[in-house]
Amino acid sequence: MSSGLKPKHQRLVLVVVALVALVGAGLLAAYALRNQASYFYVPADIAAAPPQVGQPIRLGGMVENGSIATAADGVTVQFVVQDGAARVPVSYTGIVPALFVEGSGVVAEGSMNADGTFIADNLLAKHDENYMPRELEGMSTAELREELQETVE
Amino acid sequence: MHGFANPARFLKIARWLTMPLLVSGLVISMCAVLWGLTQVPPDRLMGETVRILFVHVPAAWLSMGGWSAIAIASLAELVWRHPLAAIAARAAAVPGATFTAICLATGSIWGRPTWGTWWVWDGRLTSMLVLLFLYFGYIALSSSLAREGQSSRIAAIFGLVGAINIPIINRSVVWWNSLHQPPSITMGQSAIDPVFLWPLLIATLGFSLLFGGVVLARMRAILADIQAEARLRRKALQAEESLA
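Each protein sequence line maps, in turn, to chains P and V.
Heads up: the first sequence at position 57 corresponds to 57 in this note's numbering, and the numbers run straight through without jumps.
Heads up: the second sequence at position 170 corresponds to 1170 in this note's numbering, and the numbers run straight through without jumps.
These aren't lab readings, by the way, just hints derived from the structure by calculation.
Among the clues, some could well be false.
Said to hold, decoys possible - Result set (SDA-like, lysine to any residue): computed pairs, CA atoms no more than 20 Å apart in a straight line: (1) K8(P) to R1081(V); (2) K6(P) to H1082(V); (3) K1012(V) to L1223(V); (4) K1012(V) to V1023(V); (5) K6(P) to R1081(V); (6) K1012(V) to L1209(V); (7) K8(P) to R1153(V); (8) K1012(V) to V1079(V); (9) K8(P) to S1152(V); (10) K6(P) to V1079(V); (11) K6(P) to A1076(V); (12) K8(P) to S1151(V); (13) K1012(V) to A1221(V); (14) K1012(V) to I1226(V); (15) K1235(V) to L1223(V); (16) K6(P) to A18(P); (17) K6(P) to L22(P); (18) K6(P) to W1080(V); (19) K8(P) to V1079(V); (20) K6(P) to P1083(V); (21) K8(P) to I1154(V); (22) K1012(V) to I1154(V); (23) K1012(V) to Q1227(V); (24) K1012(V) to A1224(V); (25) K8(P) to A1076(V); (26) K8(P) to H1082(V); (27) K1235(V) to D1225(V); (28) K8(P) to A18(P); (29) K8(P) to L19(P); (30) K8(P) to I1072(V); (31) K1012(V) to V1214(V); (32) K8(P) to W1080(V); (33) K8(P) to P1083(V); (34) K1012(V) to G1212(V); (35) K8(P) to I1157(V).
What the hints assert, rightly or not - A few chain V positions that, by computed beta-carbon distances, are all more than 10 Å from chain P: (36) S1068; (37) A1101; (38) E1240.
Don't be surprised by glycine CBs; every beta carbon is placed ideally from N, CA and C.
Same shape as in the complex, but just chain P (with noise of 0.2 Å):
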């Protein structure tokens, strides 16, 4: 260092060497976080490695379509959770919040029972990263695209 670099360049270089390692650091951490910081474990998970019987866990994924349906009670739901890989036959007795509908997701606390059906005791639904006012609704995408170019025009 002493081959005429100027202070300020050291210090430079010093702090970017020093960054470089921290960001370097975080990244592995946050690498080595990956299972562990994930919030909930997809069907496919649970697939590849089933949980013990009555382990609480949570899992998330998207609510099959056509596949709730209310037991005779009427508070007990059951619906199916996938991910496009696997699927996970759900039980819930309870009030469910209002963002739950087919084909969004879903995050439900509980654990699997010995049939292989995952008994919920918390459901959240999980929104997703679409914004879209309430008349564009049901529209499909050709019909969206159409409406947006009369808008822009």
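Dock chain V against the given chain P, drawing on the hints supplied.
Positioned in the frame of chain P, the structure of chain V alone reads:
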């Protein structure tokens, strides 16, 4: 950059700029939020709760922007020894922490009707809470160093190290399964309908102007404090000399 190292020249510009920033920021934020509250249609799934978006998202962006500003100012302080950098970093901490708190509070209020819970320990929410604590730590550290009249270099190192949390917050919803939704706005693409996006962007502009105005006002206050302190010290010295 060192053109502004002269506090007198900086103060001249800051004095002229503070009021316009605060007033325009206040007016633009109010208009955008009122627009969002009254003119925007309800969301297809969330209904009326979508309106909290116009406060929550700009606050979230600015809370991360605030720490980025602290980190950049800390870098300028450590490497270039810029005399105003430490003051700028200190000035950005309190508004940054305020926006973080607003983001957490509005997010919680939105989460109750949307998700069915006030709070979960998922990656995004937890890293955002960590950011709030980092702000508290930074404020405590930098103000105690200033009170003791010590060098703010330790605070600058803290500001740089804490910046590691910013990419973690940003990526938390991509790396890990989380209850919080993935980013709606990524590089030139938006999953937010224009009817919501425009008030959101304008609210962000207004909040940013407010943020800038508050930072300038706080920098002026800190500089005035330093000057008053120096004057008192000089007076005390003179009094001592005249007694001797």
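Outcome of the hint check:
no., hint, result
1, K8(P) to R1081(V), "8 Å, holds"
2, K6(P) to H1082(V), "16 Å, holds"
3, K1012(V) to L1223(V), "12 Å, holds"
4, K1012(V) to V1023(V), "18 Å, holds"
5, K6(P) to R1081(V), "13 Å, holds"
6, K1012(V) to L1209(V), "19 Å, holds"
7, K8(P) to R1153(V), "15 Å, holds"
8, K1012(V) to V1079(V), "26 Å, violated"
9, K8(P) to S1152(V), "18 Å, holds"
10, K6(P) to V1079(V), "11 Å, holds"
11, K6(P) to A1076(V), "16 Å, holds"
12, K8(P) to S1151(V), "18 Å, holds"
13, K1012(V) to A1221(V), "14 Å, holds"
14, K1012(V) to I1226(V), "17 Å, holds"
15, K1235(V) to L1223(V), "18 Å, holds"
16, K6(P) to A18(P), "18 Å, holds"
17, K6(P) to L22(P), "24 Å, violated"
18, K6(P) to W1080(V), "11 Å, holds"
19, K8(P) to V1079(V), "6 Å, holds"
20, K6(P) to P1083(V), "19 Å, holds"
21, K8(P) to I1154(V), "18 Å, holds"
22, K1012(V) to I1154(V), "29 Å, violated"
23, K1012(V) to Q1227(V), "15 Å, holds"
24, K1012(V) to A1224(V), "13 Å, holds"
25, K8(P) to A1076(V), "11 Å, holds"
26, K8(P) to H1082(V), "11 Å, holds"
27, K1235(V) to D1225(V), "15 Å, holds"
28, K8(P) to A18(P), "15 Å, holds"
29, K8(P) to L19(P), "16 Å, holds"
30, K8(P) to I1072(V), "16 Å, holds"
31, K1012(V) to V1214(V), "16 Å, holds"
32, K8(P) to W1080(V), "6 Å, holds"
33, K8(P) to P1083(V), "14 Å, holds"
34, K1012(V) to G1212(V), "16 Å, holds"
35, K8(P) to I1157(V), "16 Å, holds"
36, S1068, "13 Å, holds"
37, A1101, "22 Å, holds"
38, E1240, "37 Å, holds"
Checked against the numbered hints listed earlier, the structure breaks hints 8, 17, 22; every other hint is satisfied.
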